[in-house]
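*Asks:* Please model the complete structure; the sequences and the hints are all you need to start from.
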Amino acid sequence: MTLLQALIIGLLGWMSSIYSPVLVGGLGGWYTLGRPLVSGMVIGLILGDVKTGIILGAAIQSLYIGLVTPGGSMPSDVNFAAWIGIPLALVAGAGTEYALAISVPLSLLGVAAVYTTVAINLYFVHRQDALIDAGKLDKAINIPVVGQITNFVIRFFPIFLINYFGADFATKMINIMPEWLTNILQMFAPMLPLIGFTLLLKMIVKKKFDLIYFVFGFFLVAVMNLDMISIVILGALLAYVLYKANNNKEVSL
Amino acid sequence: MAEEKNKLSKKVIKKAYWDWMFFNLSVQNFERMEGPGIIRMLGQVKDELYPNDKKAQQEMLQRHTIFFNTEPYLGCIVPGIVLGMEAEKASGGDVDEEFINSIKTALMGPFAGIGDSLLPGTLIPILLSIGMGLCKNGEIIGPLFYVIAFLGIMFPLTWFLFSYGAKAGANAAQTVLESGIKDKVTNAAEIVGLVTVGAITASYASVKVGLVYSSGEMTVNVGEILEGLFPKLPVLIMAFITYHLMVNKKWSVGKMMLLFLIISIVGYFTKILIL
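Chain order of the listed sequences is Z and L.
First residue of the first sequence: 1, per this note's numbering; consecutive thereafter.
First residue of the second sequence: 1001, per this note's numbering; consecutive thereafter.
Calculated from the structure, these hints are not laboratory results.
Just to be clear, a hint being listed does not mean it is correct.
Unchecked claim - To spell it out: a stretch of chain L is covered by chain Z in this simulated footprint if at least three of its residues, at any positions, have a beta carbon under 8 Å from a beta carbon of chain Z; those stretches are:
#	region
1	1026-1032
2	1057-1068
3	1103-1112
4	1117-1125
5	1128-1140
6	1171-1184
7	1212-1225
Said to hold, decoys possible - DSS-like, lysine-lysine: derived pairs with alpha carbons at most 27 Å apart:
#	chain 1	residue 1	chain 2	residue 2
8	L	Lys-1014	Z	Lys-207
9	L	Lys-1011	Z	Lys-136
10	Z	Lys-136	L	Lys-1015
11	L	Lys-1184	Z	Lys-136
12	L	Lys-1011	Z	Lys-207
13	Z	Lys-139	L	Lys-1015
14	Z	Lys-172	Z	Lys-51
15	Z	Lys-136	L	Lys-1249
16	L	Lys-1249	Z	Lys-208
17	Z	Lys-51	L	Lys-1055
18	L	Lys-1055	Z	Lys-206
19	Z	Lys-208	L	Lys-1014
20	Z	Lys-139	L	Lys-1007
21	L	Lys-1184	Z	Lys-139
22	L	Lys-1167	Z	Lys-206
23	L	Lys-1089	L	Lys-1182
24	Z	Lys-139	L	Lys-1136
25	L	Lys-1007	Z	Lys-207
26	Z	Lys-207	L	Lys-1184
27	Z	Lys-202	L	Lys-1250
28	L	Lys-1007	Z	Lys-136
29	L	Lys-1010	Z	Lys-208
30	Z	Lys-136	L	Lys-1055
31	L	Lys-1136	L	Lys-1182
32	Z	Lys-139	L	Lys-1249
33	L	Lys-1089	L	Lys-1007
34	L	Lys-1014	Z	Lys-202
As the list claims (entries may be wrong) - Not everything, but these chain Z residues come out facing chain L in the computed CB check (under 8 Å):
#	residue
35	Ile-143
36	Met-191
37	Val-221
We put the beta carbon where it would ideally sit given N, CA and C, even for glycine.
*Replies:* Next up, the structure:
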């Protein structure tokens, strides 16, 4: 990885972290460029292999698809997993199983980064209070701009440095891995998305019966081999029919 | 209150909207959460609300140096309402200082819940699932679909919610919370969501059983029989085991990963699992 590539990845990684304002807050950042599916495409573009970038991104995305961060608590962090995991796997020529496997420790590192950021930012909150009390209103209003420095330092430098100095190391590690270990990883990694999907189901499923829709979707791919667009249309039709049925029931009561 | 005296112009709403969207989480912290974001948003329009009245501007910012936390995007109706109330107060309306903060505090919780469950909990996973389903072999249409669909929905929607909140004030929240719109939208979205999640589980997760049972002349390939009966059945079974352990038994992510690792190691050396 060249210095320039690592720099750009570091900058974009910071821009798409959860507290970064630059891309219209979370709208263009955390929830768009910050989704591994999108990060993968952009990283692929920077490193010259869009297709592999997307495949790696989609794999990591599957692990984090149900990520919700209620009240600022961070169950797992997708930022380092995507912006360090995808580039390293890509330059090492590694498969999705490696990307998924390294995303796990990276995610823990990312959680530590989040808690460090929100702790340091307390300083800026009190600075803002003091400025308002002193009547320096314009300076107080600028605190959310100035205070972004915490998040910038904590996101940009790890992503940039690990990518720049870690690329060779990652390649070497992957080349010396024994075959049995690689094989176990290849069995382990494709099970991991089940955790991401379960976290999502936990949120959506209100009563156990709802799992039948999940099985229906699973069946449409596993047995019927349908493509995604058809599945969404079928799902929407099903939702509409059930909605109508429910309304009629209410009327007849 | 006379119309011409109302300080809530479209320009003011726009300015506040963009500032909220950019900076809501910029200095996220343990103590006030998104509080500094509210101050920034109101501070950006302070000269429009209280022209040449620095004392009033200062008082307005001072009363917002408190905790605030909601889901920033679908919940942006709350800062919208805050702006609406502040503008009414600035226009000479009879709005009590404590009223503004009690409304703000009362609304942030419900909208955090609605926002979290509808946005990262439903809309985003559905759009991502569709995108992921479109790029199984690295096709660029997958991520592009997500970007266009997500931003195409969110920019108009957040602008609508924010400006509606600003114009309708505290009544806006009542309407949204009581109309039952949320339940109708959620129910429909949940069904679509569950179907798509089921679909990507089948295409992204994989567990292959290679168990071969042999006794004398007869060999039975359990894995192949399973595949013929219901392709990917082991994945579905594994999905239910994961769901049971994590939801009913409250297993943590780490514990679940450890179990997967053990299954992979044992599966590899006993040859029960294959690649």
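*Asks:* Decide, hint by hint, whether the structure agrees.
*Replies:* To see whether the hints hold, each was checked on the structure:
1. 1026-1032: holds (count 7)
2. 1057-1068: The restraint on the region 1057-1068 of chain L holds, since 5 of its residues have a Cβ under 8 Å from chain Z and three suffice.
3. 1103-1112: violated (count 1)
4. 1117-1125: This one holds; 7 residues, not fewer than the three required, reach chain Z with a Cβ under 8 Å.
5. 1128-1140: holds (count 13)
6. 1171-1184: violated (count 1)
7. 1212-1225: violated (count 0)
8. Lys-1014(L) with Lys-207(Z): It is violated: about 41 Å lies between the C-alpha atoms, which goes past 27 Å.
9. Lys-1011(L) with Lys-136(Z): Holds, at about 24 Å.
10. Lys-136(Z) with Lys-1015(L): holds, 21 Å
11. Lys-1184(L) with Lys-136(Z): violated, 47 Å
12. Lys-1011(L) with Lys-207(Z): Roughly 46 Å separates the two Cα atoms, so the pair is violated.
13. Lys-139(Z) with Lys-1015(L): holds, 18 Å
14. Lys-172(Z) with Lys-51(Z): Distance of about 23 Å is within 27 Å: holds.
15. Lys-136(Z) with Lys-1249(L): Outside the cut-off at roughly 54 Å; violated.
16. Lys-1249(L) with Lys-208(Z): Holds: Lys-1249(L) and Lys-208(Z) sit about 15 Å apart, inside 27 Å.
17. Lys-51(Z) with Lys-1055(L): Distance ~58 Å between Lys-51(Z) and Lys-1055(L) Cα, so the pair is violated.
18. Lys-1055(L) with Lys-206(Z): Roughly 51 Å separates the two Cα atoms, so the pair is violated.
19. Lys-208(Z) with Lys-1014(L): violated, 44 Å
20. Lys-139(Z) with Lys-1007(L): holds, 24 Å
21. Lys-1184(L) with Lys-139(Z): Given that 27 Å is the threshold and the Cα spacing comes to 45 Å, the pair is violated.
22. Lys-1167(L) with Lys-206(Z): Violated - the C-alpha atoms of Lys-206(Z) and Lys-1167(L) are around 35 Å apart, more than 27 Å.
23. Lys-1089(L) with Lys-1182(L): violated, 30 Å
24. Lys-139(Z) with Lys-1136(L): Cα-Cα ~49 Å, so violated.
25. Lys-1007(L) with Lys-207(Z): violated, 48 Å
26. Lys-207(Z) with Lys-1184(L): This hinted pair holds, its Cα atoms lying about 16 Å apart.
27. Lys-202(Z) with Lys-1250(L): holds, 11 Å
28. Lys-1007(L) with Lys-136(Z): holds, 23 Å
29. Lys-1010(L) with Lys-208(Z): With Cα atoms ~47 Å apart, Lys-1010(L) and Lys-208(Z) exceed 27 Å; violated.
30. Lys-136(Z) with Lys-1055(L): holds, 11 Å
31. Lys-1136(L) with Lys-1182(L): violated, 33 Å
32. Lys-139(Z) with Lys-1249(L): Violated: Lys-139(Z) and Lys-1249(L) sit about 51 Å apart, past 27 Å.
33. Lys-1089(L) with Lys-1007(L): Judged against 27 Å, a Cα distance of about 9 Å means the pair holds.
34. Lys-1014(L) with Lys-202(Z): violated, 37 Å
35. Ile-143: Given a least distance of 6 Å, the restraint on Ile-143(Z) holds.
36. Met-191: Where the cut-off is 8 Å and the nearest Cβ of chain L is about 4 Å from Met-191(Z), the hint holds.
37. Val-221: Holds, about 4 Å.
In the structure shown, a violation is registered for the earlier hints numbered 3, 6, 7, 8, 11, 12, 15, 17, 18, 19, 21, 22, 23, 24, 25, 29, 31, 32, 34, in ascending order.
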